[in-house]
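Trainee: One-letter residues, chain by chain:
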Amino acid sequence: DAGVIQSPRHEVTEMGQEVTLRCKPISGHDYLFWYRQTMMRGLELLIYFNNNVPIDDSGMPEDRFSAKMPNASFSTLKIQPSEPRDSAVYFCASSRGGNTDTQYFGPGTRLTVL
Amino acid sequence: SQQGEEDPQALSIQEGENATMNCSYKTSINNLQWYRQNSGRGLVHLILIRSNEREKHSGRLRVTLDTSKKSSSLLITASRAADTASYFCATDTGGYNKLIFGAGTRLAVHP
Numbered sequence: 001d002a003g004v005i006q007s008p009r010h011e012v013t014e015m016g017q018e019v020t021l022r023c024k025p026i027s028g029h030d031y032l033f034w035y036r037q038t039m040m041r042g043l044e045l046l047i048y049f050n051n052n053v054p055i056d057d058s059g060m061p062e063d064r065f066s067a068k069m070p071n072a073s074f075s076t077l078k079i080q081p082s083e084p085r086d087s088a089v090y091f092c093a094s095s096r097g098g099n100t101d102t103q104y105f106g107p108g109t110r111l112t113v114l
Numbered sequence: 001s002q003q004g005e006e007d008p009q010a011l012s013i014q015e016g017e018n019a020t021m022n023c024s025y026k027t028s029i030n031n032l033q034w035y036r037q038n039s040g041r042g043l044v045h046l047i048l049i050r051s052n053e054r055e056k057h058s059g060r061l062r063v064t065l066d067t068s069k070k071s072s073s074l075l076i077t078a079s080r081a082a083d084t085a086s087y088f089c090a091t092d093t094g095g096y097n098k099l100i101f102g103a104g105t106r107l108a109v110h111p
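Residue numbers (the numbering used here), protein chains in the order written: chain A, 1 to 114; chain B, 1 to 111.
I should point out that these hints are in silico values taken from the structure, not numbers from a laboratory.
As the structure is a prediction and not an experimental result, all values here were calculated from the model.
Virtual Cβ for every residue (Gly too), placed ideally from N, Cα, C.
Counterexamples of contact, computed for chain B against chain A with all Cβ distances above 12 Å:
1) 22
2) 66
3) 68
4) 81
Listed next, the in silico SDA-like pairs over lysine to any residue satisfying Cα-Cα at most 25 Å (straight line):
5) B:98 to A:110
6) B:70 to B:51
7) A:24 to B:41
8) B:98 to A:63
9) B:70 to A:102
10) B:98 to A:73
11) B:98 to A:27
12) B:26 to A:101
13) B:70 to A:42
14) B:98 to A:40
15) B:98 to A:37
16) A:68 to B:97
17) B:26 to A:46
18) B:98 to A:76
19) B:69 to A:101
Here chain B stands alone, though its shape is the one from the complex (with noise of 0.2 Å):
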């Protein structure tokens, strides 16, 4: 069973507009990871937002955590085309040293 429940699955933008995906989960967590997948790669690390944190910034990238909703959001400002890819948020299971992987977002950004 996924822990963590990306929305929307789907999404396309133009370029230099904002792209933002939510993330929802079920039990509590000790932290929240986004990675990004380029089509026919394997999965790139961006961000890690502990549970005891609210918000966390790393270059163009935005991410909140609310752990009273159980939901966490990835913001990309001013998106290019070279963020076109697919983003997953992983949450750990509170004691266990494993991630579990939602099933992602796709985003297309076009030129």
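Bound-form chain A, shown alone (with noise of 0.2 Å):
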């Protein structure tokens, strides 16, 4: 298996504009998690889908993101508009099962925004 996988790897966009992170996790697994990492804060989740299903997504900051997972291979995140304290590194993950499954990380989007 290919593993998790983001795109892009990086992403430099100005201030107002609209940012959409992409995810495909790895097939057969139920559970999906965005996370956000910055030096600050350090490794936040931010929401997690169970069978497509958004279950809880009391990390997101604020209305600016939304996130949807259309299928199982595929989720998107989305920044509108983005902001300067946007950036950081967004992680997605995926496990087969829940809290007591082994999470596997995708290889993260480094986002600025200027």
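Got two chains here, separate frames each, mind docking them using the hints?
Mentor: Structure (structure tokens):
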């Protein structure tokens, strides 16, 4: 298996622009997680899905952030409009089960908002 | 808020030495996991220890869990330069299917 795939790997955009991050989880994994990592705040869980349904989005910073999972093999995290404080590395992870299972992380998308 | 907190924040050792990292958490857990992150990469799972286990081994890794003290330690024996990375503990939230990660320990192993 190719592992969790994320695109793009790097994104540089200007404040106010819309940003869409993409993730393909490992086939057969029922859980998908979106994380954000910064030096100041560490690794934060933004939202997670179970069988394509959003279960907990309490970590989503504000309404500018939205996530979807239209099918079992694809998810998007969208920021509209983007702000400089959104600059971070965004990781997608998937797991077969819930909290007792290993999470497999993608390589991340490094987002820079100017 | 973070469930797990690692210490030290940074650790610098020579190749061949052992490295010990600690993790403390606040609420009851079902399991605790350790992950490694190489610079510029995603996290990689190392080991999982369940709440009814006290010690677990995997190769050069040894993890202990003390639920009475709400703490865990990760020991890397005979460290190598390739072990240079950040190490994170992650705890479940006792019934919810998500992990909470600590701030991590940055380990530097010098040849």
